[in-house]
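**Q** Chain by chain, the residues:
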Amino acid sequence: QKEVEQNSGPLSVPEGAIASLNCTYSDRGSQSFFWYRQYSGKSPELIMSIYSNGDKEDGRFTAQLNKASQYVSLLIRDSQPSDSATYLCAVNIANTPLVFGKGTRLSVIA
Amino acid sequence: DAEITQSPRHKITETGRQVTLACHQTWNHNNMFWYRQDLGHGLRLIHYSYGVQDTNKGEVSDGYSVSRSNTEDLPLTLESAASSQTSVYFCASSDFQAEQYFGPGTRLTVT
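Sequence order for the protein chains is A and B. Final position of the first sequence in our numbering is 110; the numbers increase by one with none missing. Final position of the second sequence in our numbering is 111; the numbers increase by one with none missing.
Be careful, since some hints might not be right.
Listed next, the in silico DSS-like pairs over lysine-lysine satisfying Cα-Cα at most 25 Å (straight line) [unchecked claim]: (1) A:K102 - B:K57; (2) A:K2 - A:K67; (3) A:K42 - B:K11; (4) A:K67 - A:K102; (5) A:K2 - B:K57; (6) A:K67 - A:K56; (7) B:K11 - B:K57; (8) A:K2 - A:K102; (9) A:K102 - A:K42.
Please keep in mind that the hints were generated in silico from the structure rather than gathered at the bench. On a predicted model such as this, the values are computed, not experimentally measured, just so you know.
Given the sequences, and given the hints that come with them, work out the whole structure.
**A** Below, the structure written as structure tokens:
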């Protein structure tokens, strides 16, 4: 059974702080890793993808992957109230559908 | 711009009726997926397709069917709607790199 685990939250951070979202996965054969943002009442939106160990930065977002520990994280620097949403972690093994975590709800307090 | 659309956006139907939800993508992606999302369960995969004439069951496929006659469309049919199928339904598509892009969703209520 392939599993992706996330803390459901809510994770509350003050405006301007760094938000750290974490995800663990069970299948060591996982190859591709994604973070989606979902605002209430909207569809998931892809914000980051990462395929190899280390950090990947895109604006205020940094994805971190550690395959040995089966751990992927998303850091949001200078958090804004507009970042308040549910963040979904998704993991892929080649030729199989993505496996999604249930998401972490982030609340950025102004 | 390429996009993925779903219709209708909202649907109310009665128990026992057949319902079809449409999904259309202009990304030219081979892979298409249907999910339902309910509070406490996250996204659950219903059916998926890796190309024309290819369909596969996901974890919650009972009571649902799909067919893929072209690259752009993957309609989802509820054979006999049940109250347990009240949910928000999302369609998604991806290329070989597995980055999935989601449609806006259909909110289905079965009364």
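**Q** Hey, K42 of chain A versus K11 of chain B, does the alpha-carbon distance stay inside 25 Å?
**A** holds (16 Å)
**Q** Can you confirm whether the C-alpha distance between K102 of chain A and K42 of chain A stays at or below 25 Å?
**A** holds (15 Å)
**Q** Taking 25 Å as the top limit, are the C-alpha atoms of K11 of chain B and K57 of chain B close enough?
**A** The given pair, whose Cα atoms are some 24 Å apart, holds under the 25 Å limit.
**Q** When you check the alpha-carbon spacing of K2 of chain A and K67 of chain A, does it fall within 25 Å?
**A** It holds: about 15 Å lies between the C-alpha atoms, which stays within 25 Å.
**Q** Going straight from one Cα to the other, do K2 of chain A and K102 of chain A come out at no more than 25 Å?
**A** Distance of about 13 Å is within 25 Å: holds.
**Q** Can you confirm whether the C-alpha distance between K102 of chain A and K57 of chain B stays at or below 25 Å?
**A** holds (20 Å)
**Q** Below or equal to 25 Å on CA atoms is what counts here, so check K67 of chain A against K56 of chain A.
**A** holds (14 Å)
**Q** Holds or violated: K67 of chain A with K102 of chain A, Cα cutoff 25 Å?
**A** Since the Cα atoms of K67 of chain A and K102 of chain A sit roughly 20 Å apart, the hinted pair holds (cutoff 25 Å).
**Q** Does K2 of chain A pair with K57 of chain B here, judged by a C-alpha cut-off of 25 Å?
**A** Since the Cα atoms of K2 of chain A and K57 of chain B sit roughly 16 Å apart, the hinted pair holds (cutoff 25 Å).
When each numbered hint is compared with the structure, no violation occurs for any of them.
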